[in-house]
Amino acid sequence: MVDRRSVVVGAAAVLAGMAMAGPLPAAAADPVRVGLILPLSGPFASTGRQIETAVRLYMEQHGSQVAGRPVELVVRDDTGTADLTKRLAQELVVRDRVAVLAGFGLTPLALAAAPIATQGQVPQIVMSAATSIITEQSPFIVRTSFTAAQATVPLADWAAGNGIRSVVTLVTDYAPGIDTEAAFKSRFTAAGGTVAGELRVPLRNPDFAPFLQKAADLKPDALFVFVPSGVGAQFMKQFAERGLAQAGMTVLAEGSVTDDDLLNGMGDVALGVVSSHHYSAAHDSPGNKAFVDAFRKAGGGARPNFMAVGGYDGMHLLYEALKKTGGASDGPALVEAMKGMSWTSPRGPVSIDPETRDIVQNIYIRRVERVNGELHNVEFATIPAVKDPVKAAKP
Amino acid sequence: MTIPHPPATRVTAALARRGRWRLPEVAFWALALAALFLLPGRYLILNEIAILALFALSLDLLLGYSGIVSLGHAAFFGLGAYTAGLLARHGVAEPVVGLFAAAGAAALVGFATSFLVLRGSDLTRIMVTIGVALVLGEIANRMAWLTGGADGLQGIVMGPVLGTFEFDLWGQTAYGYSLAVLFVLFLLARRIVHSPFGLSLCAIRDNPLRAAAVGIPVGGRLVAVYTLAAAYAGVAGALLAQTTQFVSLDVLEFHRSADVLLVLIIGGTGYLYGGIIGAVLFRLVQDELANLTPQYWYFWVGLILVVLVLVGRERVVATLAAPFAGLLRRFGRPVREA
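In order, the protein sequences belong to chains W and E.
Residue numbers for the first sequence follow this note's numbering, beginning at 1 and rising by one.
Residue numbers for the second sequence follow this note's numbering, beginning at 1 and rising by one.
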């Protein structure tokens, strides 16, 4: 069996080839390399696509040169697998010598890379993951997305102020879900409402039917929902099939449920859903109109969602920080420059909390309506400058 | 009067001949060791390759040597990973202790489930192994207070290996550690498959009925090898947990079991090096393609696999190896002529 042995030779040749290729030489122009780690394949690929498009769009609009240094993007696909994220982050830091790590589609992925950011002293810009604790895992983490609790608390206030007395909560059973459940409950009960039941749906292969039946049996005024972006469509479909809307149950949703990317495909069942979030593609500002138009052109007609705006703002934060440091890209200086920075994003005014390195932003209460033939989250109330309530509650 | 060559002596001699070390084998391990010093910046992927190779080696013991088809081998991989991760999280920072604990835990569960798995035919076995992996995955998901659930196990801090080698950001210690473990376990596996026990496994694989007829305790042998393979997979999982200092539910997922089977298909079953070579090729191709086209690399991996299976690995390799035919003749004899 000569051929099997030949495989040994082949493997040896591959190893030898790798040896000759060796480590990458440092470039002469000394660019600022940005390692963008995103789930570009697998179930969370839409998150990755949104962010990548937005990041590239920002670089196209603002040039790939900042403070005299070229900015280079190195994109890696982590397929949504945490140990792969960690390996890629490590390789980007030690082999590709990136100055900044960015992206991170889900909480476990951001958490897996956090020790690398600390050890390598490299800023980690979290553009999507939304659990409160993330920014506490490394002094080099800065977030431009949102926290699930931040987006939820204003909705509890709105519900309590608009005649809703009892609510059943239905969340996905993972860290951001549990964050939102706790945040909603404490705020809503403090405002005089009652939480009649707390339901948790598994993250993988969710089937909402039994949970919706339980919710229906409890007969609350409203159902509060948080599911990760992408599962929202499935939830709305099953909610409609059970006829709960006709039974008079209002849906209060964390904004990921009525994700702009998928909302239009949900159809009329989504009409009237009240949600709270930090970004809607329908946000009424000239900056946002320009952003949405440019994104549609760059992304083949797709609508930008809150992931896209997180990626766009993440790049903006990096560009501004580089300007402030005069092109110096060492980690501590960049993070220092990012702290306290404020700017006007497509989503409205935002700033980076210098204490927690988390984003402070307006939260909007929206209702799903049909605008120009498309379903949109139309904002009708604004709660300005909301900080992450979970970290704010800590001493 | 004595017979000059009684059968037992001849068998022993044949086994010894088969178990002899050959030049390419030595060269292979020398290269792997050389990589530890010559390839800075590649240690992380080399570490992953070493772990995947150990995992594939463990499946080869089942599939290649004993004919047990498993599509749920990740169950033991994940179990080992969680065992090592949890130990480290609760104060046992010495990695080698974690390895033994992981091997023990995986062997225990492997032993317990072997009776379920070995009951039926191939199809039943596939289903049962998938089932065991799914059940363990769901348990890890539900026991979030222990495992961290869908968020993964956080806060693993590993001590230096044997109190001397600190894990570094470059991954040199990680690769050296994984390679050393792979080598030791490979030696053990090599010894086992070249022993009469290993020979009896091959007999069972080729024809269980006849094996039973000549007096091989089929059931007992299969239980033993299943337990052994589980322990090996547990060690591979433990290595992953310790070198990445992170465990997520992903370690128990179906795609791990499927990937390792692919690795064996690429490398070939039933000769120990199959898993190792398959792991090298699979990871390198995957990594290069993913760097070239982060969005569509799955397509190319799929295409390569389809071609490989359609054309046949043997033929692809034979074509590639034709120029080296003279050199190849000097390599060692394989365990089994296919």
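If you're looking for bench data, these hints aren't it; they were derived computationally from the structure.
For each residue, glycine too, the CB sits at the ideal point set by N, CA and C.
Do not rely on the hints blindly, as some may be mistaken.
Stated by the list, open to error - Only some residues are given here: those of chain E computed to face chain W with a beta carbon under 10 Å:
(1) T9
(2) T12
(3) A14
(4) R18
(5) R20
(6) W21
(7) E48
(8) M143
(9) W170
(10) F183
(11) T244
(12) Q245
Practice prompt. Just pull the numbers of the violated hints for me, sorted ascending.
Written response: 1, 2, 3, 4, 5, 6, 8 and 10
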